[in-house]
Amino acid sequence: MAASFGVSSAAAANAVKSPALSPPSLPVIRSEARPISCRVNKSRKAGKITTKAVAAQAENPASAASKPGHEVLLFEALREGLEEEMERDPRVCIFGEDVGHYGGSYKVSKGLADKYGDLRVLDTPIAENSFIGMAVGAAMTGLRPVVEGMNMGFLLLAFNQISDNCGMLHYTSGGQFTIPTVIRGPGGVGRQLGAEHSQRLESYFQSIPGIQMVACSTPYNAKGLMKAAIRSENPVVLFEHVLLYNLKERIPDEEYVVSLEEAEMVRPGEHVTILTYSRMRYHVMQAAKTLVNKGYDPEVIDIRSLKPFDLYTIGNSIKKTHKVLIVEECMRTGGIGASLTAAINENFNDYLDAPIVCLSSQDVPTPYAGTLEEVTVVQPGQIVTAVEQLCR
Amino acid sequence: MALTRRSLHLHLIRPIFSARLLTTASTSPISIETSLPFTAHNIDPPSRSVQTSPHELLSFFRDMVLMRRMEIASDSLYKAKLIRGFCHLYDGQEAVAIGMEAAITRKDCIITAYRDHCLYLGRGGTLVEAFAELMGRNGGCSKGKGGSMHFYKKDAGFYGGHGIVGAQIPLGCGLAFAQKYSKDDSVSFMMYGDGAANQGQLFEALNMAALWDLPAILVCENNHYGMGTAEWRAAKSPAYFKRGDYVPGLKVDGMDALAVKQACKFAKEHALKNGPIILEMDTYRYHGHSMSDPGSTYRTRDEISGIRQERDPVERVRKLILAHDLATEKEMKDTEKEVRKEVDEAIAKAKEMPSPDPSELFTNVYVKGLGVEAFGADRKELRAVLP
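Same order as they appear, the protein sequences are chains S and B. Heads up: the first sequence begins at 1 in the UniProt record's numbering, then just goes up one per residue. Heads up: the second sequence begins at 1 in the UniProt record's numbering, then just goes up one per residue.
Honestly, the hints are just simulated from the structure, not real lab data. Model, not experiment: these values are computed from the prediction. By construction, the Cβ of each residue, glycine as well, lies at the ideal position given by its N, Cα and C atoms. Possibly wrong hints are sitting among the right ones.
[To be verified] Among the chain S residues that face chain B by a calculated CB cut under 7 angstroms, a handful are:
no., residue
1, 119
2, 123
3, 370
[Stated by the list, open to error] Below, a list of computed lysine-lysine pairs in the DSS-like style, where the Cα atoms sit at most 30 angstroms apart:
no., chain 1, residue 1, chain 2, residue 2
4, S, 110, B, 349
5, S, 107, B, 330
6, S, 110, B, 79
7, S, 115, B, 236
Same shape as in the complex, but just chain S (with noise of 0.2 angstroms):
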């Protein structure tokens, strides 16, 4: 039943080759996407964006030679759909710290102020609370601005502009004002940045009312993503994560947006429902290795859309086996998981043949030591330990 939305190449980090898929039912669509014709760069074909452009599949050695698709690592795939949707709408602009004549700290934004303006890529002072107003005003007027958080962590300076104006203006002025804003940054524990600069932010966003939430994994749904935000009349948060900006994989040459409401099927399975996103997501994969091999078949999926959480696909997997575990970056107390749970539960309960079983982070400040830090988030240990708990 469950319908594949967009598997990702085997070209991804620890992708387990998973058995014989079940002949996919028709894709019922589900999101209010519909192919749009529009202006793409020359090196692209022309014609209609496909909403669910599927990766090409690495199983196939006939196509090996000509593998469509071309490869990107994550930063450049979010480049791409920068670039893209810049190009098609001239009123998608910029902010940011060191965005501009710097390239952008993790090489985002690379070469976008050369091409487009100082104006259109704006590199601001360090003045985040400022900023992100100024992106709200702008937006309020009809323009487009996308966002950097140099760390999501800053953006805690700027809580009032994200909650208060970004989140609640369309509301507050009866629907007059789209703030289209997209802010965007990367966030998480990784490669030992101490305690300030390890923060999960979606956790502390994940109550305002008015703004959506996603969180991109993979290249290709990092373009997808960030296209489809930028394209959103409502503010998106778009989480990264410092570790994954180097990852590689296959992308479609044509023109993709992926929902922003919806969740991905990683893995399909039938003993357990393992809820993810982010970086766990690769914690998990190199987890359901070991569980293949122990004889466990863990359904893995995606949620990608923090908020509002994609309870349909989550029902259906639900539906399918009867256990969940959520695995999480997100601190024990007020994540992400912590909501993920009270909605399965509510939604869900009858169908549940166990309590649901939620790994996060530590309510700790992120250490520095490696040795420490390692033990703050979810290890591929404590998974496997988890399903085969919860599957006993």
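Chain S is already provided as a structure; the job is to place chain B on it using the hints.
What follows is chain B alone, placed relative to chain S:
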């Protein structure tokens, strides 16, 4: 005052050959002119001639060489992957740390951002603790849990060590508030960079400090680049010492340790009587913003080597020492060798220290002793004791 200063530096010295130089150096006053005059805003600048002594100059030299050596060693350790994460190096800016320490006591507070290794040393931190913290060992000043950006030393009035740009300034004004509250005749130096000078919280804190006459001294270490963005790209008015408007300001040559000392002395006297003052230190960093930034994509190598040749703080003090015949070339070279050995030994010692125990993950989240326990659903089973 001279005695305190000598004892403050003594534990940076070990009693071998060239250290004798310091113990025998006289404290008789010499008067030296700063290289550049001070530029003042809303205040009369202090005099250009600075009172110093052979002992002070020699200890400036030794301490700056020590700081420089520590930062270069940290560079190698980072490339050897013993230091991970972010590492922001201070070489080129040593004169600010040294000059400031020479003008103040340990009761005065210093707070800074993430470029804090040398300030920690200046405040009395040991090399071993610094390297252990950088390498994430449990002998580090924050037990390995803070890292490069979180060095603190409470007993010496060093309040860190902060990762979020600009957030340390309101904290510093809080320190100044507490000092005014307890009337203990001390001041707070809050240090920030040209990048942070554009943060709103600076002006909020400045307004409050001026409103209540807090003994706050805001020190802008202007190294002309906020990560990759040059100051003219980020600031309409790069005259950071004037930005306080109603608060007086002083622009200082930050590569001249004596000028920094004079300015800090002047600022301390002012702050105790009249409230906040801004000091802008015109300085330069040789490394990039951090170890992940090469530092050459937004500035030319000629610029960097030009500053190194003309304005290097260590060279300036070396020339002064030679000009006043306080030590020979050979003696200074021996000091450098000794310092290098000291740093290498500290690194070796720090490398032997173990990583923190996994149980340390949960310590210091809260303060113990408030009986914080969490019981199970029936209140009988103890589920957790918060550390």
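Hint check:
no.: 1; hint: 119; verdict: violated, 13 angstroms
no.: 2; hint: 123; verdict: holds, 6 angstroms
no.: 3; hint: 370; verdict: holds, 6 angstroms
no.: 4; hint: S:110 / B:349; verdict: violated, 42 angstroms
no.: 5; hint: S:107 / B:330; verdict: violated, 48 angstroms
no.: 6; hint: S:110 / B:79; verdict: holds, 25 angstroms
no.: 7; hint: S:115 / B:236; verdict: holds, 25 angstroms
Violation of the numbered hints given earlier is confined to hints 1, 4 and 5; the remaining hints are satisfied by the structure.
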